[in-house]
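Undergrad: Sequence:
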Amino acid sequence: MENNRGVWVYMEQKEGQIVNVSLELLGAGRKLAEKLDVPLSGVLLGDKVKHLIPTIFEYGADEVYVMDDPILKNYRTESFMKGVNYYAEKYQPEIFLFGATPNGKDLASAVATDLCTGLTADTTMLDVEVETRLLEASRPAFGGNIMATILCKKHRPQMATVRPKVMKALQPEMGRKGKIIEDSLNVKEESLRTKVLEIVKDTKKKLKLDEADIIVAGGKGLGDEKGFTLIHELAEVLGGSVGASRDVVEAGWVGHDHQIGQTGITVTPKIYFAIGISGAVQHVVGMKNSELIIAINKDPDAAIFDASTYSVIGDALEILPILIEEFRAALKQEDGELKHA
2 MENNRGVWVY MEQKEGQIVN VSLELLGAGR KLAEKLDVPL SGVLLGDKVK
52 HLIPTIFEYG ADEVYVMDDP ILKNYRTESF MKGVNYYAEK YQPEIFLFGA
102 TPNGKDLASA VATDLCTGLT ADTTMLDVEV ETRLLEASRP AFGGNIMATI
152 LCKKHRPQMA TVRPKVMKAL QPEMGRKGKI IEDSLNVKEE SLRTKVLEIV
202 KDTKKKLKLD EADIIVAGGK GLGDEKGFTL IHELAEVLGG SVGASRDVVE
252 AGWVGHDHQI GQTGITVTPK IYFAIGISGA VQHVVGMKNS ELIIAINKDP
302 DAAIFDASTY SVIGDALEIL PILIEEFRAA LKQEDGELKH A
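Numbering (this note's numbering) for the sequence shown: 2 to 342.
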């Protein structure tokens, strides 16, 4: 453990583009590295991915470990684990962060198992205790009722997967340079147990809540599925997307792809309406970084008001129809003025 030094971020890439959560993790990793006075490194694996190295430096990395090999063209647990473990065993980082994406979680768990170390999953806050050099990885626990801070005291590297959209990427410093460490994978295709036979892309149009600028989210405070239709109506008037709390999804009012929170999607819209939502930790963690939060709830002590920019105390079923009409009239007037301009 005494030989382990450095903060590493796995730079997940897809079709030659770095996944956003990896850039966000460079921002979080930069803070940890500066506290510990160690370099921040990005670990990049893939086929024909060297063109991504300058971007990794620009977003805060001091070093990039790169493994560029045709065998890494498509993600497979076995080949990527061998590459990552080669670097981890040779250069011994003390902290290793992965995005909590499907591939990131799969790879992180495989790497942690092979390296015989711990892994904190779906982390939402990161810090480090300088004196002990312990990573403090925090996440909601016990159904979101508490925040648990998890430590890995006896093994290295200390590993965590971090949810997308909960950390903020640094402003890129154009032209920033760093050290490149490149190695070969030395794995033959015939030695791998998994083969990629075909890649079938889903062409269905999917709801992309994490890309929406305006989200109107509703909770059980709307009473029933009929009351929830007001959420759809307001979202349609504003050109926004519909979000929901876990209770609403479990009641069957909307599908799981609308769920926001610890067990759903993390979002950072410009405007977030939290309507009839109590404000449980597991929901708030998924939307607290929104630029503007407007909460409507008839309970003056609702926890959601602690996270909101503007708080409206009242019955959502009475307030929403008024809001819908006012927004509709204002937008219609604005549209008319633009047409006559």
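If you're looking for bench data, these hints aren't it; they were derived computationally from the structure. Cβ atoms here follow ideal geometry from the backbone N, Cα and C, with glycine treated the same way. Hints should not be assumed to be uniformly reliable.
The list that follows gives simulated cross-link-like pairs (lysine-lysine, BS3-like), each with its CA atoms no further than 30 Å apart [as the list claims (entries may be wrong)]:
1) 333 <-> 15
2) 189 <-> 166
3) 180 <-> 32
4) 91 <-> 209
Ranges between beta-carbon positions, derived for each pair [to be verified]:
5) 310 <-> 191: 56 to 64 Å
6) 71 <-> 325: 19 to 27 Å
7) 21 <-> 319: 20 to 28 Å
Undergrad: None of the hints should be skipped; say for each whether it holds.
TA: Evaluation of the provided hints:
no., hint, in the structure
1, 333 <-> 15, "41 Å, violated"
2, 189 <-> 166, "37 Å, violated"
3, 180 <-> 32, "19 Å, holds"
4, 91 <-> 209, "40 Å, violated"
5, 310 <-> 191: 56 to 64 Å, "58 Å, holds"
6, 71 <-> 325: 19 to 27 Å, "55 Å, violated"
7, 21 <-> 319: 20 to 28 Å, "39 Å, violated"
Of the numbered hints listed earlier, those contradicted by the structure are 1, 2, 4, 6, 7.
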